[in-house]
Amino acid sequence: MSAPPPRNDVLQGTLSLLVLKTLAASRRLHGYAITSHIQRVSEDLLRVEEGSLYPALHRMEQLGLLRSEWGVTDKNREARFYSLTAKGRRQLAREEESWNRLTEGVGRVLRYA
Amino acid sequence: MSWLTRLSNTVRSGRVEREIRRELEFHVAERADELRDAGLSPEEAERRARGRLGNPLLQAERTRDVDIALWADGLARNLRHAARSLGRAPGFALTVAATLALGIGANTAVFSALDAVLLRPLPFPDADRLVRLSQKEQASAETMIAPVRLEEWNRLNSTFRAVSGYGVEDVSETSGDLPERVRRAFVTPRMLEVWGVAPALGRGFSEEEHRFGGPAAALVSERYWRRRLGSAPDVLSRRLRIGDASVPIVGVMPASFRFPDRDVDVWFPSAVDAPYAQSRRSTWYTGVGRLRPGVTLEEARADLSAVQARLARQFPDPDRKIGVDLRPLKQDLVGGMGRTLWLLFGAVSVLLLIACTNIAALLVARGMARRPEIAVRRSLGASRAAIAGLVLAETLLLALAGGALGLLVAGVATAAFRALGTGLPRVDEVVVNGRILLYCSVSTLGVALVSGLAPAVRALREDAGLATGESGRTQVSGGQRLQWALVGGQVALSVTLLTGAGLLVRSVHALARVEPGFEKTGVLTFRMSGSWSESADYPALVARVGRTIDTLRALPGVEGAATTGWSLPGTPTEWESSFALVEASGDADRRIIADLRVVSPEYFATMGIPLLQGERCEQRSVGTRGAPAGQGYDLMVNRAFAARHLSDHASAVGLHLRAYAEGALEDASRPGRIMGVVGDAREQGIDRLPVPTVYTCLSAPTPTPFFVVRTSGDPLALVGAVRARMKELEPQRSVYDVGALDERIDGAYGQRRLLTLLLVVFSLSALSLAAVGLYGTLSYTVGQRQREVGLRMALGARRADIVRQFLGQGLRVVGLACAGGVGLALALRRVLAGLLYGVSATDAATLLGVVAMVAVVAAVASLVPAVRAARLDPMRVLRES
Numbered sequence: 001m002s003a004p005p006p007r008n009d010v011l012q013g014t015l016s017l018l019v020l021k022t023l024a025a026s027r028r029l030h031g032y033a034i035t036s037h038i039q040r041v042s043e044d045l046l047r048v049e050e051g052s053l054y055p056a057l058h059r060m061e062q063l064g065l066l067r068s069e070w071g072v073t074d075k076n077r078e079a080r081f082y083s084l085t086a087k088g089r090r091q092l093a094r095e096e097e098s099w100n101r102l103t104e105g106v107g108r109v110l111r112y113a
Numbered sequence: 001m002s003w004l005t006r007l008s009n010t011v012r013s014g015r016v017e018r019e020i021r022r023e024l025e026f027h028v029a030e031r032a033d034e035l036r037d038a039g040l041s042p043e044e045a046e047r048r049a050r051g052r053l054g055n056p057l058l059q060a061e062r063t064r065d066v067d068i069a070l071w072a073d074g075l076a077r078n079l080r081h082a083a084r085s086l087g088r089a090p091g092f093a094l095t096v097a098a099t100l101a102l103g104i105g106a107n108t109a110v111f112s113a114l115d116a117v118l119l120r121p122l123p124f125p126d127a128d129r130l131v132r133l134s135q136k137e138q139a140s141a142e143t144m145i146a147p148v149r150l151e152e153w154n155r156l157n158s159t160f161r162a163v164s165g166y167g168v169e170d171v172s173e174t175s176g177d178l179p180e181r182v183r184r185a186f187v188t189p190r191m192l193e194v195w196g197v198a199p200a201l202g203r204g205f206s207e208e209e210h211r212f213g214g215p216a217a218a219l220v221s222e223r224y225w226r227r228r229l230g231s232a233p234d235v236l237s238r239r240l241r242i243g244d245a246s247v248p249i250v251g252v253m254p255a256s257f258r259f260p261d262r263d264v265d266v267w268f269p270s271a272v273d274a275p276y277a278q279s280r281r282s283t284w285y286t287g288v289g290r291l292r293p294g295v296t297l298e299e300a301r302a303d304l305s306a307v308q309a310r311l312a313r314q315f316p317d318p319d320r321k322i323g324v325d326l327r328p329l330k331q332d333l334v335g336g337m338g339r340t341l342w343l344l345f346g347a348v349s350v351l352l353l354i355a356c357t358n359i360a361a362l363l364v365a366r367g368m369a370r371r372p373e374i375a376v377r378r379s380l381g382a383s384r385a386a387i388a389g390l391v392l393a394e395t396l397l398l399a400l401a402g403g404a405l406g407l408l409v410a411g412v413a414t415a416a417f418r419a420l421g422t423g424l425p426r427v428d429e430v431v432v433n434g435r436i437l438l439y440c441s442v443s444t445l446g447v448a449l450v451s452g453l454a455p456a457v458r459a460l461r462e463d464a465g466l467a468t469g470e471s472g473r474t475q476v477s478g479g480q481r482l483q484w485a486l487v488g489g490q491v492a493l494s495v496t497l498l499t500g501a502g503l504l505v506r507s508v509h510a511l512a513r514v515e516p517g518f519e520k521t522g523v524l525t526f527r528m529s530g531s532w533s534e535s536a537d538y539p540a541l542v543a544r545v546g547r548t549i550d551t552l553r554a555l556p557g558v559e560g561a562a563t564t565g566w567s568l569p570g571t572p573t574e575w576e577s578s579f580a581l582v583e584a585s586g587d588a589d590r591r592i593i594a595d596l597r598v599v600s601p602e603y604f605a606t607m608g609i610p611l612l613q614g615e616r617c618e619q620r621s622v623g624t625r626g627a628p629a630g631q632g633y634d635l636m637v638n639r640a641f642a643a644r645h646l647s648d649h650a651s652a653v654g655l656h657l658r659a660y661a662e663g664a665l666e667d668a669s670r671p672g673r674i675m676g677v678v679g680d681a682r683e684q685g686i687d688r689l690p691v692p693t694v695y696t697c698l699s700a701p702t703p704t705p706f707f708v709v710r711t712s713g714d715p716l717a718l719v720g721a722v723r724a725r726m727k728e729l730e731p732q733r734s735v736y737d738v739g740a741l742d743e744r745i746d747g748a749y750g751q752r753r754l755l756t757l758l759l760v761v762f763s764l765s766a767l768s769l770a771a772v773g774l775y776g777t778l779s780y781t782v783g784q785r786q787r788e789v790g791l792r793m794a795l796g797a798r799r800a801d802i803v804r805q806f807l808g809q810g811l812r813v814v815g816l817a818c819a820g821g822v823g824l825a826l827a828l829r830r831v832l833a834g835l836l837y838g839v840s841a842t843d844a845a846t847l848l849g850v851v852a853m854v855a856v857v858a859a860v861a862s863l864v865p866a867v868r869a870a871r872l873d874p875m876r877v878l879r880e881s
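First to last, the protein sequences are chains C and R.
Our numbering puts the first residue of the first sequence at 1, with every later residue one more than the last.
Our numbering puts the first residue of the second sequence at 1, with every later residue one more than the last.
Derived by calculation from the structure, the hints in this document are not laboratory data.
Treat each hint with caution, since some may be false.
Claimed, not checked - If you want a taste of the chain R side facing chain C, the calculated C-beta under 7 Å gives, among others:
1) 23
2) 26
3) 27
4) 30
5) 52
6) 53
To be verified - Partial list, computed: chain C residues near chain R (C-beta under 8 Å):
7) 32
8) 80
9) 104
10) 105
These numbers come from a predicted model, not from an experiment.
All C-beta atoms in this analysis are idealised placements derived from N, C-alpha and C, irrespective of residue type, glycine included.
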């Protein structure tokens, strides 16, 4: 793990924040749509490591932040759709808050230190 | 996510896995579509899409790990895996399983005894309401109750549902070819009401049958019905022949009913209204009562004391001097057994704890040795939880194997306990049953947790260093500290156990060296069946016993024969009575308290108790009811009595003593004359110093006195001849309770010896476990520090320095542990008080001996790895690392 990361991977821990935010904006999405959404909205700045997305989704579902159901896409493929629970919404608020505080703090340090 | 869902996920893990695959397939398909749209070939698009997702199998696995709790699905996998990995180290697995089998087995066996004897209620309905009633007489050991008083207690109290009493005697049943000794209990009315038990067949006694001159009737035990009557269905029309009487059987008690003791086979109604039962001084019955629901023991005690106070006003003589004593029946039956069992249970639990810590230390060491394997697992994606689960699974598997084997050990041990502990209360109830099974399972799981936790936590912590690949050469100290702490704990606990065992061993030795004041070897003892009904014609009873003594003395090989009334010398019994000296000057009412033994005149010569002064007493003629006819009985006193109470007089011989409280000698108020003084003997038990003792010379204070026969050779060789001769002499009676006196005395201390033996076994096992732990830990340390050792030797350290270094490390821990163990032993010294003889609980010699022994064992266990370290070839070690 000595080489610099080849691309701007999403930081561990921010993934769940991004997922929550994405799902808060749309009613329900499948995993692939979540990655595409994050990539598109961040204008390719952020890229979800696909290998860690699904474990994260399942963990969040176990924590009761998400619920999932099987459905059919426009292309007539079967996919698992995720949506936010009430608990997930509260979690989003908390994580947004702490993220903002973190960036603000880091920003100040960068400015004045 | 509820546990329920997790569990169902586990059960349906196939389905979950398929769903995850479908979800990932969908993702790959979407990504491939996009890549194809960007102009890649379909194959290339597919390949890249998969590549970006990572290894799909691993991906599915990781996703599933989240989905499914490791504890359940993983358990089966982990157990399979653990079995394979243990299979590769069979020596390790066997050692651990065998250690645990012994630990769990011994623990379960002792617990089953504890459970049967102490924890489980007596086998009667609402047994916690059963109470032992005794009468308490000042300065007298007498606890038996007169029939009239028992009836009054029953009538006048308001806290008992019923009060009843019983007595036990050994009689001969003569309806078969040979007379057979039968233990018979005679019971007062309301026996079945008190016990709350109904006969399995037939009925209990009627009111008529409890009346004087009423019809005869007997209840028999289930065992008697089965063995002696062949389970005959017409048992209720059979009769027993006891003495001259033929008695119809009216019922059979259920198999679980074994009371007053397990040898009682026949119950007879006792007539409390018989004219001869009206004396308030007679002491016939052992009392037992059943409390009314909701009544506490204190309330009952207060109630019955009030009843007795009323009786004292009504019949000042003798009731003024009599009080009541109430105790839970269970406590009364179990007696001193409770402490012994708790002690054993404590010891055996400490042993199990040592075994657990030992195994924990072994597993920690094994965990470190397996670091490379664990590192590989981690890098292949096994989570920390999975690694810890693996370690726990191994421990669980070992514990399960140990527990299963332990159950076998416990089964064998309880069977041995039942066979060996025949004299112990409730011992036949000691079995491996559902409760014991449950206990064994729980302790097995506990063992798995206790011994697996430390290694599992270690495995979790290890992790950080592993990923970086520097497989912990530099950071062994944490695990080492834990291991050394475990080893130190083992040694300390072993020292404590060994101290207890050592003290008990020294007591047993001291007891064996005791000079009891009589010759205990070469004496055959036995009893002969008889009935209290014989006491109606006391002179005939005394003549019969005298005839038996004369016949015994005439046997070849017999040097002397005598009787002693209620107990054998040297066995723990006391018969405290009070006397008044007739010739006392001044305060004539001064009371002398002494042990009272009732023996035949030949007793002193037979037992080798020397006559110091005066002459031997003689058997005086006896009145019809046991009272002396004419003058009082002859008495003898021991030296202690003469020195303590008669020193004012020129000679003890010729003085007269009057019995104060009436014991078995009904109306013995006629003073007896002291004929001589004999040497002090440890009559009350060989562990007690002789107390002032008065001997009354009467050969038959009971119909079944103990016969003591001095023989020139092995006393047991004479048993056949004695039995044959007795059969000629008394064809209607049976000989029982046969044994050599020294063995009977040993037997009386059997419980203590068994305790000693078991503690020795437990503490030596503990020490060997601790030694193994010490050896293993030090070996492991040496292994870890090879490089350092090599380096130091390359820099000129001598081999002796290396040995000293490691030996010192081991012995430092042992030294601390010894101090801790001795401290613990001193803190717990009260535990053994009362079980020790001739040695104090803080005996320095024992403590030093134990510490020396532990030090030697520890030195040997540490020397081997230390020397191995010194033999290392420095060049090779350095090259290899």
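Hint check:
Because the closest C-beta pair between residue 23 of chain R and chain C is about 5 Å apart, less than 7 Å, the hint holds. Of the supplied interface hints, the one on residue 26 of chain R holds, with its beta-carbon coming within about 5 Å of a beta-carbon of chain C, less than 7 Å. Of the supplied interface hints, the one on residue 27 of chain R holds, with its beta-carbon coming within about 5 Å of a beta-carbon of chain C, less than 7 Å. With a cut of 7 Å, the hint placing residue 30 of chain R at the interface with chain C holds, because the nearest CB-to-CB distance is about 4 Å.
Among the interface hints, the one on residue 52 of chain R holds; its C-beta lies about 5 Å from the nearest C-beta in chain C, closer than the 7 Å criterion. Interface restraint check for residue 53 of chain R: the shortest CB-CB distance to chain C comes to about 5 Å, inside 7 Å, so the restraint holds. Interface restraint check for residue 32 of chain C: the shortest CB-CB distance to chain R comes to about 4 Å, inside 8 Å, so the restraint holds. The closest approach between the C-beta of residue 80 of chain C and any C-beta of chain R is roughly 5 Å, which is under the 8 Å cut-off, so the hint is satisfied.
A distance limit of 8 Å between C-beta atoms decides the matter here; for residue 104 of chain C the minimum to chain R is near 31 Å, and the interface restraint is violated. For residue 105 of chain C, the suggested interface contact is broken, since its CB lies about 27 Å from the closest CB of chain R, more than 8 Å.
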